[in-house]
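Asker: So the chains spell out like this:
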Amino acid sequence: MRRSRTAAAVAGLALLATITPDAAYQEPPAALVSVARDDGRAQAIGRDPAVTWILAMGSDARPGQRVLRSRADAIQLVGINARTGHATAIGIPRDSYVPIPGYGRNRVNAALTFGGPQLMARTVAQMTGLRPDYVMITSFRGFERMVVAVGGITVRSPFAFEDIVRPQGYKVGKNRLNGLQAHIFARIRKPLPRGDFDRSANQQRAMMGILREIRRKRERPGFVERGVLAAVRDLSTDLNPVEAYRLGHAVAQVRPSRVRTCVLRGRTGSAGAASVVFPDIRQARSITRRAGRDARLEGRC
Amino acid sequence: MAVLVLTGCTSGSNGNEPGPERQDVTRGDVLEPRAAPLGVQIASVAGQIPRRQREQIRKRIAATVSGYVQGAFLGDYPRTTYRGAFGDFTDSARSRARRDLGLLTHADRGARYVGVTPRRQQVRVHAYAPRRRVLGATARLRLVLLIERDDETVQRVWVTGRLLLTRTRNGSFRVFGYDIRRTSSRPAVAGGGA
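Going down the list, the protein sequences come from chains S and Z.
Here the numbering used here runs 4 ahead of the position in the first sequence, where the first position is 1.
Here the numbering used here runs 5 ahead of the position in the second sequence, where the first position is 1.
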């Protein structure tokens with residue numbers, strides 16, 4: 005049980021597929037500075053580059069289906085800065101109607117079905133102006149396991165709604181959730197006033213809940229090691245296991261107080277018979293332009 | 006006969022650490038304190054590795070940790086150079102460490118030290134071993150250093166925390182991250198402890 009609780013300590017490492025980083029990073033010149041204090045703490049992860057962008061997706065694949073070629077229900081572009089502990093999450097509505105390279109216009113999540121993680125990354129890069137370093141895909145079952153592994157999560161919900169998996173319902177304010185309840189919280193759409201947009205925000209609240217648990221437990225001996233091992237062993241990934249280990253420690257460096265979350269705005273409409281969202285591309289590019297370099301977003305979403 | 010003034014923690018010792026300091030001690034009593042050797046132990050392994058690999062890994066990690074501890078805190082004093090402390094750090098981690106030099110080494114005060122004696126050097130390693138190979142590890146340090154200064158005072162300093170390591174192609178380990186705390190009073194074991 006202890007092993008399973010710590011198993012998925014690293015939230016960003018569920019089902020993984022890598023995309024070669026293409027951003028050139030300039031190491032700043034070293035500075036020799038003494039800290040004239042008797043007591044103190046020095047803490048750093050030497051990642052190069054320090055900022056990593058991950059396209060994190062929740063797949064609606066059923067058992068037996070290929071997660072890497074399914075449709076993504078949750079799409080979040082997440083930047084983390086291992087040096088400063090900042091992070092930015094950009095929620096992309098699932099029904100965003102955008103150009104998919106080589107396939108015309110379609111819902112953004114269709115890119116995963118057409119061309120797997122590589123095409124999905126290219127589609128999001130074209131949409132936002134920022135190419136993710138890694139693509140991460142987890143099934144909702146995998147997401148549940150992740151929540152169970154960290155011992156459950158606490159989310160602050162702005163809405164109250166009912167669901168059979170939670171007899172007491174989801175109330176406005178803090179809710180302590182188990183794996184299945186967290187899954188429903190991140191997936192439910194109909195009771196939310198702004199549908200897909202509010203669902204994306206709830207997904208970010210669930211991610212924050214996982215991060216807070218990781219931060220609380222990250223200094224437990226062996227916690228990160230067990231979490232990263234579970235990620236690279238149990239899940240299909242071609243991420244270099246050494247890089248996965250470093251990335252795991254980088255995720256654990258993120259401070260919840262330095263995380264900023266935004267959901268892309270958009271206009272709902274229809275394309276043919278399909279109900280879609282026309283996302284605000286200018287907003288997407290504005291966010292990535294401001295946060296792309298250091299994963300730190302100042303000002304408005 | 007000179008009188009040394011000891012500072013630092015004066016109570017709460019357990020059986021594993023040196024006992025409480027005396028406030029006024031003759032130099033002869035503490036001039037030659039016993040130096041504790043570096044003890045490195047594999048505390049846990051996430052994954053499985055062959056038994057014979059365990060000792061090999063322990064030695065390799067010990068070499069990396071020892072290089073840092075020796076270069077940063079031990080060695081001959083007074084001294085002003087700490088060039089060797091980060092020899093086994095990755096380029097990026099070394100660059101970061103140079104900014105934290107005052108906490109990660111004795112750089113800001115070593116010129117005033119006469120000697121540093123390790124009274125405890127305990128390292129517990131938590132290894133990450135996918136595919137039956139140790140590819141990464143967290144080395145949790147707990148050092149107790151007895152520092153003799155040029156004003157004839159002696160201070161006890163605790164250095165605790167973590168070195169984050171990954172394995173290189175030649176099998177050695179390099180430090181890619183650190184979380185090191187230095188205190189002049191005994192730190193809590195939890196968190197940065199070993």
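No wet-lab data here; the hints were simulated from the structure.
Quick caveat: nothing in here was measured; it's all calculated off a predicted structure.
Certain hints may be false.
[Said to hold, decoys possible] So these bits of chain S aren't anywhere near chain Z, every CB distance computed over 10 Å:
hint : residue
1    : ALA48
2    : ILE168
3    : HIS253
4    : SER274
5    : GLU302
[Claimed, not checked] Restraint-style ranges between C-beta atoms, simulated for each label pair:
hint : chain 1 : residue 1 : chain 2 : residue 2 : range
6    : Z       : GLY176    : S       : ARG70     : 30 to 40 Å
7    : S       : ASP167    : Z       : SER190    : 45 to 55 Å
8    : Z       : SER190    : S       : ARG297    : 52 to 62 Å
9    : Z       : ARG117    : S       : THR88     : 29 to 39 Å
10   : S       : GLY120    : Z       : ARG56     : 37 to 47 Å
11   : Z       : ARG56     : S       : ARG293    : 24 to 34 Å
12   : S       : ARG220    : Z       : THR86     : 37 to 47 Å
[As the list claims (entries may be wrong)] If you want the ones that stay clear, here's a sample from chain S, every Cβ over 10 Å from chain Z, calculated:
hint : residue
13   : ALA54
14   : GLN185
15   : TYR249
16   : ALA278
17   : GLY296
Ideal Cβ placement from N, Cα and C applies to all residues, glycine included.
Asker: Do Z:ARG56 and S:ARG293 keep their Cβ atoms within the hinted range of 24 to 34 Å?
Answerer: Once the Cβ atoms are compared, 54 Å apart, the range 24 to 34 Å for S:ARG293 and Z:ARG56 is violated.
Asker: Using Cβ atoms and 10 Å as the threshold, tell me whether S:ALA278 really stays out of contact range of chain Z.
Answerer: 42 Å, holds
Asker: Is it true that the C-beta distance of S:ARG220 to Z:THR86 lies inside 37 to 47 Å, as the hint says?
Answerer: 40 Å, holds
Asker: Kindly confirm whether 30 to 40 Å is satisfied by the beta carbon distance between Z:GLY176 and S:ARG70.
Answerer: 37 Å, holds
Asker: Quick check on a hinted range of 52 to 62 Å for Z:SER190 and S:ARG297, using CB atoms only.
Answerer: 40 Å, violated
Asker: Examine each Cβ of chain Z, and state whether all of them lie more than 10 Å from the Cβ of S:GLN185.
Answerer: Answer for S:GLN185: holds, closest chain Z Cβ roughly 28 Å.
Asker: With 10 Å as the threshold, tell me whether S:GLY296 passes as away from chain Z on beta-carbon distances.
Answerer: 20 Å, holds
Asker: Please settle this one: S:HIS253 was flagged as non-interface, so is its CB more than 10 Å from every CB on chain Z?
Answerer: 6 Å, violated
Asker: Would you say S:TYR249 is clear of chain Z, with no C-beta pair closer than or equal to 10 Å?
Answerer: S:TYR249 not clear of chain Z: closest Cβ-Cβ about 4 Å, inside 10 Å.
Asker: Does the Cβ pair Z:ARG117, S:THR88 satisfy 29 to 39 Å?
Answerer: 33 Å, holds
Asker: Indicate whether the distance between the beta carbons of S:GLY120 and Z:ARG56 respects the range 37 to 47 Å.
Answerer: Because 41 Å falls inside the window, the suggested range holds.
Asker: Test the statement that S:ALA54 is away from the interface with chain Z: the closest C-beta pair must be farther apart than 10 Å.
Answerer: Per Cβ check, S:ALA54 is inside 10 Å of chain Z; nearest 8 Å; violated.
Comparing the model with each earlier hint shows violations of hints 1, 3, 8, 11, 13 and 15; every other hint is respected.
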